[in-house]
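Engineer: All chains, full assembly: derive it from the sequences and hints.
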Amino acid sequence: MWYVSTRGIAPRVNFEGALFSGYAPDGGLFMPEELPQLDRETLCQWSTLSYPGLVKELCALFIGSELIPKDDLNDLIDRAFSRFRHREVVHLSRLRNGLNVLELWHGVTYAFKDLSLSCTAQFLQYFLEKREKHVTVVVGTSGDTGSAAIESVQGAKNVDIIVLLPKGHCTKIQELQMTTVLKENVHVFGVEGNSDELDEPIKTVFADVAFVKKHNLMSLNSINWSRVLVQMAHHFFAYFQCTPSLDTHPLPLVEVVVPTGAAGNLAAGYIAQKIGLPIRLVVAVNRNDIIHRTVQQGDFSLSEAVKSTLASAMDIQVPYNMERVFWLLSGCDSQVTGALMEQFERTQSVNLPKELHSKLSEVVTSASVSDEAITQTMGRCWDENQYLLCPHSAVAVNYHYQQMDRQQPSTPRCCLAPASAAKFPEAVLAAGLTPETPAEIVALEHKETRCTPMRRGDNWTLMLQDTIEDLSRRWRGHALNTSQ
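Under the UniProt record's numbering, the first residue of the sequence shown is numbered 1, with each subsequent residue one higher.
By construction, these hints were calculated from the structure, which means they are not laboratory data. Take the hints with a grain of salt, since some may be wrong.
Claimed, not checked - In silico EDC-like cross-links for lysine to aspartate or glutamate, where the CA-CA straight-line distance does not exceed 20 Å:
| id | residue 1 | residue 2 |
| --- | --- | --- |
| 1 | K203 | D458 |
| 2 | K307 | E197 |
| 3 | K172 | E469 |
| 4 | K133 | D72 |
| 5 | K354 | D371 |
| 6 | K130 | D71 |
| 7 | K172 | E192 |
| 8 | K56 | D26 |
| 9 | K133 | D26 |
| 10 | K214 | E129 |
| 11 | K213 | E436 |
| 12 | K307 | D196 |
| 13 | K56 | E66 |
| 14 | K167 | E129 |
| 15 | K274 | E192 |
| 16 | K203 | E192 |
| 17 | K56 | D72 |
| 18 | K183 | E197 |
| 19 | K157 | E192 |
| 20 | K56 | D75 |
| 21 | K213 | D26 |
| 22 | K172 | D315 |
| 23 | K274 | D333 |
| 24 | K172 | E436 |
As the list claims (entries may be wrong) - Here are the computed distance ranges between Cβ atoms for each label pair:
| id | residue 1 | residue 2 | range |
| --- | --- | --- | --- |
| 25 | S358 | R131 | 41 to 51 Å |
| 26 | R450 | N194 | 37 to 47 Å |
| 27 | S358 | R79 | 41 to 51 Å |
Predicted model, so just to flag it, every value in this text is computed and none were measured. Backbone N, C-alpha and C fix where the C-beta goes; we use that ideal spot for every residue, glycine too.
Structural biologist: Following this line, the structure appears as structure tokens:
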């Protein structure tokens with residue numbers, strides 16, 4: 001299986017190349033050169049699989065056994081999911097009035113990112129051990145990515161991780177999940193700034209190609225292909241759990257409601273649909289509504305500023321993964337996609353060509369949800385089911401309630417739930433409800449923390465470069481010692 005850039009200039013790479021690159025060298029995102037097609041028989045066979053079983057099948061399809069033999073791959077994925085709290089790994093809660101909530105948050109940090117990052121980290125370590133190499137992962141986070149990335153690689157001998165978090169802009173729980181991991185390969189910085197400001201030194205460091213190469217730097221944010229690949233399994237599992245039957249011709253449709261910021265789960269869903277899964281996609285966003293405006297009007301343009309909402313992990317201006325969706329919609333036309341994205345990067349505003357917009361609105365429905373609607377949805381779900389939703393999950397469930405109240409005859413519908421309400425006690429209180437805090441989260445309050453401040457007036461880029469250089473020196477020393 002080969003991967004090409006959505007902008008068509010970078011040379012093609014295999015899965016290992018895509019895994020270690022993040023962005024392609026031409027600024028595009030990696031996508032499979034050819035998409036396999038799943039027939040009805042395969043779908044019927046897969047329908048009885050567990051969530052980890054689906055991840056294994058999808059990864060085997062998109063990685064190739066010449067890179068990771070099937071037995072090794074199965075072991076890596078079992079290891080990735082070994083710390084999940086739920087025996088199914090991902091669980092569907094069937095609630096009143098046809099509300100299906102797919103809980104993607106049973107990992108260590110109580111958020112969906114644990115699913116894809118735990119697998120991605122296993123793939124990284126597999127290749128690094130084979131090649132006797134070391135990488136330094138640099139992550140800027142607004143909350144969930146940092147803690148999930150730390151948990152996925154903590155204690156790994158071939159990986160160091162540096163995380164920059166925006167001091168005072170994450171929830172207290174999110175911050176503690178990062179600062180209480182005291183493993184030697186984890187390095188956390190608390191930046192006196194917001195998540196856009198802390199991205200600047202990271203961008204500067206990654207723009208220095210020679211430095212990146214010399215120190216084997218990589219990122220693990222939602223543009224990494226391996227994360228999108230694992231996220232395809234959410235959609236397959238949702239479909240098989242919610243489809244009424246697999247005996248009809250054609251197979252019945254299931255609607256999947258995807259709450260999103262950077263559009264990773266949306267890109268995963270659209271690829272799942274392209275390879276043969278009969279789902280209809282609904283994308284649900286908060287007041288940061290660039291994806292909603294793109295679907296409705298073809299208006300792919302930045303707002304004045306990021307709006308702070310209760311669904312804070314989706315407070316994102318630039319939905320990077322839409323580039324993958326545009327590329328697929330344009331018939332894998334890298335010239336169209338490249339021109340579109342370069343214009344967007346230059347002017348921060350693009351009107352989609354008519355044909356592209358009409359294709360997009362055929363394959364995706366969209367909704368944008370206010371903070372008031374989020375808290376109302378959380379309240380209603382509690383009243384009807386005694387079930388607490390996190391604010392991001394409420395963005396998806398709000399769409400379900402809207403459809404139900406209009407008494408639309410509907411296909412079965414599944415709402416993806418990206419995080420546990422336990423991570424967002426502030427939002428639960430805002431909805432007039434009582435937070436339920438698991439013991440592991442309460443225990444964070446009493447743990448020792450470690451976090452290096454990056455203060456206003458400090459040279460953040462220099463601090464980051466110095467840390468990276470220091471880690472490289474340490475690894476070289478370690479490699480020398482072990483080889484002697």
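Engineer: Taking the hints in turn, state whether each one holds.
Structural biologist: Comparing the hints with the structure gives:
Our distance criterion of 20 Å between C-alpha atoms is met by K203 and D458, whose separation comes to about 17 Å. Between K307 and E197 the alpha-carbon distance is near 15 Å, which keeps this suggested pair within the 20 Å criterion. Our distance criterion of 20 Å between C-alpha atoms is broken by K172 and E469, whose separation comes to about 31 Å. At most 20 Å may separate the alpha-carbon atoms for a hinted pair to count; K133 and D72 meet this at roughly 19 Å.
Taking the CA atoms of K354 and D371, the gap is about 32 Å. The hint is violated against a cut of 20 Å. Proposed proximity of K130 and D71 is supported: the alpha carbons are some 16 Å apart, at most 20 Å. For the hint pairing K172 with E192, the CA-to-CA distance comes to about 15 Å; that is within 20 Å, so the pair holds. Restraint check for K56 and D26: the C-alpha separation of about 31 Å exceeds 20 Å, so the hint is violated.
Only pairs whose Cα atoms come within 20 Å are accepted, and K133 paired with D26 is rejected, the gap being roughly 25 Å. Between K214 and E129 the CA atoms are separated by roughly 18 Å; this keeps the pair inside 20 Å, and the hint holds. The suggested pairing of K213 with E436 is violated, with an alpha-carbon distance near 46 Å, which exceeds 20 Å. At most 20 Å may separate the alpha-carbon atoms for a hinted pair to count; K307 and D196 meet this at roughly 12 Å.
The suggested pairing of K56 with E66 holds, with an alpha-carbon distance near 15 Å, which does not exceed 20 Å. A distance of roughly 35 Å separates the Cα atoms of K167 and E129; the hinted pair therefore is violated under the 20 Å criterion. About 43 Å separates the Cα atoms of K274 and E192, which puts this hinted pair outside 20 Å; it is violated. Simply put, K203 and E192 have alpha-carbon atoms about 17 Å apart, close enough for the 20 Å limit, and the pair holds.
As the CA atoms of K56 and D72 are separated by approximately 11 Å, the hinted pair is consistent with the 20 Å bound. Taking the CA atoms of K183 and E197, the gap is about 27 Å. The hint is violated against a cut of 20 Å. In summary, the hint linking K157 to E192 is not supported, as the alpha carbons are separated by about 30 Å, beyond the 20 Å threshold. Distance hint between K56 and D75 is fulfilled; the C-alpha atoms sit about 10 Å from each other, no more than 20 Å.
Straight-line distance between C-alpha atoms of K213 and D26 comes to about 16 Å, which keeps the hinted pair within the 20 Å bound. Our distance criterion of 20 Å between C-alpha atoms is met by K172 and D315, whose separation comes to about 17 Å. Taken as a hint, the K274 and D333 pair is honoured in the structure, with Cα atoms around 16 Å apart against an allowance of 20 Å. The hinted pair formed by K172 and E436 meets the criterion: a straight-line CA distance of about 15 Å does not exceed 20 Å.
Restraint check, S358 to R131: a C-beta distance of roughly 46 Å satisfies the suggested window 41 to 51 Å. At roughly 22 Å, the beta carbons of R450 and N194 sit outside the given window of 37 to 47 Å. The beta-carbon spacing between S358 and R79, approximately 45 Å, falls within the hinted interval of 41 to 51 Å.
Hints 3, 5, 8, 9, 11, 14, 15, 18, 19 and 26, counting from the list given before, are not met by this structure.
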